[in-house]
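As a plain string of letters, each chain reads:
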Amino acid sequence: MIKLTIDQSKIDEARNYAKNIVDSLKWLLNDYSSDTIERTIVRLFGIDGAIDETPIPNLVVEHLKEKNVIDRGAAYWIANSMLATNLSAQEVAEEISNGKLDVTSLDAQPDKKIIKLIDELTEKMLNHIKAQKKFRENKFEEFGPRKKPSIYVIVATGNIYDDVVQAKSAAREGADIIAVIRSTAQSLLDYVPYGATTVGFGGTFATQENFKIMRQGLDEVGDELHRYISLTNYASGLCMPEIAVMGAIERLDVMLNDAMYGILFRDINMKRTLLDQYFSRMINAYAGIEIQTGEDNYLTTSDAIEKAYTVTASQLINEQFAYVSGIKKEKLGIGHAFEINPDITDSFSYEFAHALLTSRLFPDSPSKYMPPTKHATGNIFKVYIMNAMFNLVSQMTNQGVQLLGMMTEAIHTPHLVDRALAIENANYVFNTAKNFAQNFDLLPDSFINKRAETVLDEARLFLKKVSEQGLFESMSKGDFADIKRTEFGGKGVQGIFKKSENYFNPFMDRMKAELNLK
Amino acid sequence: MIKLTIDQSKIDEARNYAKNIVDSLKWLLNDYSSDTIERTIVRLFGIDGAIDETPIPNLVVEHLKEKNVIDRGAAYWIANSMLATNLSAQEVAEEISNGKLDVTSLDAQPDKKIIKLIDELTEKMLNHIKAQKKFRENKFEEFGPRKKPSIYVIVATGNIYDDVVQAKSAAREGADIIAVIRSTAQSLLDYVPYGATTVGFGGTFATQENFKIMRQGLDEVGDELHRYISLTNYASGLCMPEIAVMGAIERLDVMLNDAMYGILFRDINMKRTLLDQYFSRMINAYAGIEIQTGEDNYLTTSDAIEKAYTVTASQLINEQFAYVSGIKKEKLGIGHAFEINPDITDSFSYEFAHALLTSRLFPDSPSKYMPPTKHATGNIFKVYIMNAMFNLVSQMTNQGVQLLGMMTEAIHTPHLVDRALAIENANYVFNTAKNFAQNFDLLPDSFINKRAETVLDEARLFLKKVSEQGLFESMSKGDFADIKRTEFGGKGVQGIFKKSENYFNPFMDRMKAELNLK
Amino acid sequence: MSLNIDPTKIKPYGDTLDDGRMQFSFALPAPANEQGKEAAKQLLQQMGLTEIEISYYSDLGEGFTHFVAYANTNISVDLTKIKVKVVDTPIMEMEENDKYLDENYGKKITIVGACIESDAHTVGIDAIMNMKGYNHRFGLERYRNFITYNLGAQVSSEELLKKAVEVNADVILVSQVVTQKNIHIKNLTKLINLAESEGLRDKFLFICGGPRISHELAIELGYDAGFGSGSYSTDVASFISFHFAEKK
Amino acid sequence: MSLNIDPTKIKPYGDTLDDGRMQFSFALPAPANEQGKEAAKQLLQQMGLTEIEISYYSDLGEGFTHFVAYANTNISVDLTKIKVKVVDTPIMEMEENDKYLDENYGKKITIVGACIESDAHTVGIDAIMNMKGYNHRFGLERYRNFITYNLGAQVSSEELLKKAVEVNADVILVSQVVTQKNIHIKNLTKLINLAESEGLRDKFLFICGGPRISHELAIELGYDAGFGSGSYSTDVASFISFHFAEKK
Ligand code: B12
Ligand code: B12
Ligand SMILES: Cc1ncc(COP(=O)(O)O)c(C=O)c1O
Ligand SMILES: Cc1ncc(COP(=O)(O)O)c(C=O)c1O
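Chains as they are written, first to last, in this note's numbering: chain A, 4 to 521; chain B, 4 to 521; chain C, 519 to 766; chain D, 519 to 766.
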């Protein structure tokens, strides 16, 4: 067996630092909320729709902020208004949105009645989400589990209907997971666009309707193929929990959900991101959705050998944040990437060592392995064999999810043909080298073993430093990816608030209880 | 280290059977000669040229056969005629060819004078060959040795001048060895075409002039690149020793020279082939030319898993035939191929086991590893990654010469672009995985180890059977590649004769002496 | 919800219906620089392409450069107007075929096969004829109602016809794998002309096969059927059996 | 002995001079059978190609088929007529450049760079500007005679110009990596139009770069220079230094 010989105590030590880092932020996660968290609650009441392109959940939360009553939480206000007006949640929201209803003008209803109503509504939505979870589980039961490594491909035409055609074609070729890439920088929108969309830019907007359309397409083709085809999209950005909820409702199966991506790569305020990811991941956990982290991003800007330890460190931090939200090991897709300059002698051994380290650190988690992108050139033939080598590492080091590389990576978002060939590439390599690794022992004093140990050591020392000085401080010094972010800077900073004594988030409470979180 | 754990006594046993098979044919190698061997001697006297497309060496030997005096050997008759007529060797040959000279009509000259003249002429030609050998050695001294695995590519335009352009381009991309593929079925011609040629069919004729033109081109580009570029062509067929001599004269560096290819795959008489390969290999050995065997051919017609042992058995027989001719281990390019159906699960492990077995059996010889061809389809992308996997096996199992696969294998003989991409493929894989294998131990009870042992066992038992019943008998039963050949059938059977008491081959005698052969 | 494809005007598809996007790779005797790149672009322009993107170029030495490009064509094809001749007999497995002939023909069929003229690629014809077969289909040799002769490689047209007459064959199978300079067309034409001039054309069912053979091409060349890449013994066997049973 | 290439009529080269052979790969909304193959063939025929060989096809599902083909074009290009604009200043290493400016200019040059508008791909501009540099060439930041400001990703044209005015810049560097729907053209045009309308066009040297940028394109768009894939800090630095030293 190809197994790293690494001192377990070093792993434990590194993991402990990560745990300390996350534990020291409990104050934030417990005492604060954000605009998008409140919008999520609004959505969980079943409220949807948009007026002049602005989603109703945004209008509702804007109203509560204007009236300076958001610190009690949206749940309370909606329930109170429903009881006071005898309208449905949707009607209440529409009235608010049309400026016809001022929630603070209504009489406060008895607490008991409010709680009862909220309980009912919570129950209803959570039951729907649980039903979706059950549906997925049944399908996997019926058709068998996802293969390993799973084949993950993206569609990104900008038009959800073209996307569906491409996704179905990919499923027929052997794809297990379809990711609909979002339109450029959707993560910076402080709302989730509404409805079916056909004009995206470098990707297709993540909307609830688009989720539904794609889900339906994949269910159709999956039933035909007797394979359950998973669907994924991105939670990251200024709307993490809202998108998580949309995914839960429309039965996405996997979601990209990184605790720090927004901070580092999108300049979103750190408190905002950490808060949002906390609730969004809890929703993912509750819905049985597998999350995936975005460590590959470090390597698109930094050198993949020199900064390999930042990937490891980030993985361990992401892991701890995930546990706090109730994500199970089996649903924790730990990100990493094959991004070393292919001209480097023995770059394959480096990649192998890095990939093996991820498997070793998270043996029970379905790692998400990202393909060569940075060193992809317009030489489609070269890129195609780089992808084959990438697929081989994955098969040999037992990765969970293989995000297939496209031979046209340096040219355009994938064409139908590019994707089909990428799947053929993976199928060929996975099958031809299926049990290849089983023939070997990894030598403890080998380059690969020593390299993995070095990366772990560097990550361990880095995490020690961060845990000593605190995550905020480290980020403000640019310790992560050489990017400096401050506690009070960044996008969405206005969207956080301290909860009042009588703040109320019934969904989080229910989820916490069911997920056994304190 | 990736090393097979195999009982050495099994290897010794198999090798011994092969030795017995070859030893039992000494009567043939010692007592017989052939038309092409005699034409070779004519050529070694420096005789060249053609009349109405028929090479003068053929006309001379035809004459000796007509006159029924060939059993004394061409050397005697040419020397005798030279002394009797006072003409040069070339002049004598031309007179004979023009029908103006009947060698039997001349007086027999004194033995002492004949021997003296022959000695002088032999000395002259062998000195030229030795000078070519020395030249090559000096170049390798100056520029450094060929890399391992060496990059071997073919050119096959049919036009020697197009070939040169393609070869030089390939050298610039990184090729170490250029093979000029012969025009279809040249091996069935009982003469070697004359002069520069521009119209070949699926390849370019092997002629001495073409050898010279290509050699010059490669020397030019090699000096420019500070790398010695090796040249290779095929000896196999009805003219093995003649082509070997042309290669020695024009400084080819490698020659495809299989002891049994002609018999099995071209239906050339078995005695003829075995005789011819014996002398041709001796010439190769004398000229310091590396030979390569053609075991890949078995797998283009038979199943590469089922019939893997035929490759191993043939390798061991080819090895013994090579030793008998004075070929050194370091100049013995043992053939094998990557031809397993890529759809087979774990086909990569099978290929790996087979390749490793070849390395293990011939650790000091520069094995020649052939690419996927049979399972290549018009899907150039798929073939390109099959070639990458093939290159990886080579790098990991330490092969000597890598005959690069072309992504257009199933379509056409290689285009300029195909070859450049193939070289890029090999360079990338060799470099990215340079020391990858050094990280691992091969487990003795692994699939790969057991598979290699199985193939060896099958080969051993097969060789035992052949050594018991004799090579001729085995071939007549179709034991090799399911192809049946009889001792008295096949092409070129008329071209063998028993030497008389006073038969004389001064070149073979000198070579044997210098090569320490008895 | 599906894309709205007009079958009378189909165009290449990259990622948007009718975008016409295609991939190109070729070498030019041009320098590996902006000038060469422009030459590559102009070439594609003259082919009527637009949105030309030279994605990559690389110096091949000796004055040549390799280009990889993507571009859009505006050309479309009317799929509804395309009718190609294909062998359309249903395909029977071996046992089925044996039984079918028992019941519908009642005689054995004699088949002679060869890879003709300069071509020595026997794997294809062997795949069709030999006992062992190919990809889990036994060869014609194993069929109960066929008598087969596989003459192997580089058989001249004369020899093949001679043998067919000698064994009183019903069917002649010809394989052609090498296609360089259209040698396969030449060889196949030679055989059929020879058969005609000897008055043998209608005595046999003439069937050819090989990686670049199509039924359409075979008919054009005067054969009764043609089989390309990936055809199986079952395809040919079925065609033969139906032919004789129906003729009877 | 070399091939006899006529530069006024260059054609693609497979393995014989002027054979015109090219490789194609594309999807069609057509079935994966002989009919689809014929459609692919007709498409290539309409592009003026001959000797068309559909080497491979494969069903992609949803009504699409992938085709790989080889074919010959008869089109040629006159290489001698192709003149492309390229940056042709000699290239100096950093130390050389520093010294050159010491001796020939004697002042520091201020450079402001950014990846503008919707584009967030900073790796390219960083490769040119950042201390660390790229492929063993230090970035402009490290040059003794340059004062640099790298504004990073998604900087609006307005912001960029404002900053340039504020620091009294000599040079503006713009990066554009995303090219889908020609967004890079739109963005670059926006910037230069804005500069013109604010009377700032001639105050700065405008240089753009990115994987699909060429000097030719840059000039066309009204920039002073453009740098594509694989350009280095040394290229830009040399261009800038010569420009100012010569202007002086
Ligand atoms: C194996 C092989 C050889 C072997 C052949 C061994 C043998 N006994 O057959 C050897 C090594 C001897 C060989 C030699 C040469 N080969 Co070769 N060879 C191949 C190879 C790798 C595979 C062919 C094959 O076996 N395919 C598998 C069979 C099952 O497929 P198939 O032939 O297409 O047959 C199927 C169908 O077409 C159909 N079919 C075929 N025949 C028939 C007949 C009938 C009646 C029916 C119904 C159906 C049918 O059914 C079959 C099953 O589906 C191809 C490359 C490739 N991957 O295709 C090159 C290839 C065919 N060879 C090629 C060349 C050039 C040569 C040589 C000329 C090289 C040289 N200069 O020496 C020589 C000359 C041989 C000669 N005189 O013909 C070229 C041809 C180029 C071209 N398009 O013209 C190819 C494409 C390789 C290349 N890229 O250069 N070759
Ligand atoms: C890294 C990367 C990212 C990173 C960027 C991180 C960062 N901070 O830069 C991340 C992950 C964030 C990212 C995101 C996206 N990306 Co991106 N990305 C890439 C990738 C893999 C590499 C680009 C790169 O860094 N190249 C290395 C540098 C050194 O090369 P370069 O940029 O060409 O720069 C050189 C020259 O061009 C020149 N140069 C460049 N700028 C300048 C400026 C001047 C003044 C000068 C003189 C020279 C110069 O000099 C440099 C050195 O030689 C490419 C694919 C590829 N392999 O090219 C895709 C790619 C560019 N991305 C793409 C897309 C679509 C996106 C997204 C829209 C995807 C999505 N829907 O989310 C987002 C949107 C981001 C946005 N708003 O712009 C597409 C663009 C398609 C197209 N042709 O339009 C590509 C081609 C991938 C693909 N096939 O889909 N991406
Ligand atoms: C973790 C993560 N989230 C989100 C995204 C992309 O989303 P956006 O461009 O909308 O930020 C990426 C892109 O790679 C990512 O890695
Ligand atoms: C050992 C050997 N000799 C010769 C040849 C080819 O020569 P010919 O086609 O002229 O027999 C081959 C072809 O693969 C070969 O393997």
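There may be inaccurate statements among the hints.
[What the hints assert, rightly or not] Cross-link-like lysine-lysine pairs, in silico, DSS-like; alpha carbons within 25 Å at most:
1. C:625 <-> C:527
2. A:521 <-> A:332
3. A:310 <-> D:650
4. B:437 <-> B:310
5. A:332 <-> A:136
6. D:601 <-> C:559
7. D:527 <-> C:559
8. D:721 <-> D:704
9. B:467 <-> B:332
10. B:377 <-> C:650
11. D:626 <-> C:559
12. B:29 <-> B:468
13. D:680 <-> A:487
14. C:601 <-> D:559
15. C:559 <-> D:721
16. A:502 <-> A:487
17. B:487 <-> C:603
18. A:494 <-> D:681
19. B:453 <-> A:437
20. A:377 <-> D:650
21. C:765 <-> C:603
22. B:437 <-> A:6
23. A:437 <-> B:437
24. B:480 <-> B:502
25. A:29 <-> A:310
26. C:650 <-> B:480
Hints are computed from structural coordinates only; laboratory data are not their basis.
Computed from a predicted structure; not experimentally measured.
Now the hints, each set against the structure:
| no. | hint | in the structure |
| --- | --- | --- |
| 1 | C:625 <-> C:527 | violated (50 Å) |
| 2 | A:521 <-> A:332 | holds (18 Å) |
| 3 | A:310 <-> D:650 | holds (14 Å) |
| 4 | B:437 <-> B:310 | violated (31 Å) |
| 5 | A:332 <-> A:136 | holds (17 Å) |
| 6 | D:601 <-> C:559 | holds (13 Å) |
| 7 | D:527 <-> C:559 | holds (15 Å) |
| 8 | D:721 <-> D:704 | holds (22 Å) |
| 9 | B:467 <-> B:332 | holds (23 Å) |
| 10 | B:377 <-> C:650 | holds (17 Å) |
| 11 | D:626 <-> C:559 | violated (41 Å) |
| 12 | B:29 <-> B:468 | holds (19 Å) |
| 13 | D:680 <-> A:487 | holds (23 Å) |
| 14 | C:601 <-> D:559 | holds (13 Å) |
| 15 | C:559 <-> D:721 | violated (35 Å) |
| 16 | A:502 <-> A:487 | violated (28 Å) |
| 17 | B:487 <-> C:603 | violated (40 Å) |
| 18 | A:494 <-> D:681 | holds (21 Å) |
| 19 | B:453 <-> A:437 | holds (17 Å) |
| 20 | A:377 <-> D:650 | holds (17 Å) |
| 21 | C:765 <-> C:603 | holds (20 Å) |
| 22 | B:437 <-> A:6 | holds (21 Å) |
| 23 | A:437 <-> B:437 | holds (22 Å) |
| 24 | B:480 <-> B:502 | violated (29 Å) |
| 25 | A:29 <-> A:310 | violated (29 Å) |
| 26 | C:650 <-> B:480 | holds (18 Å) |
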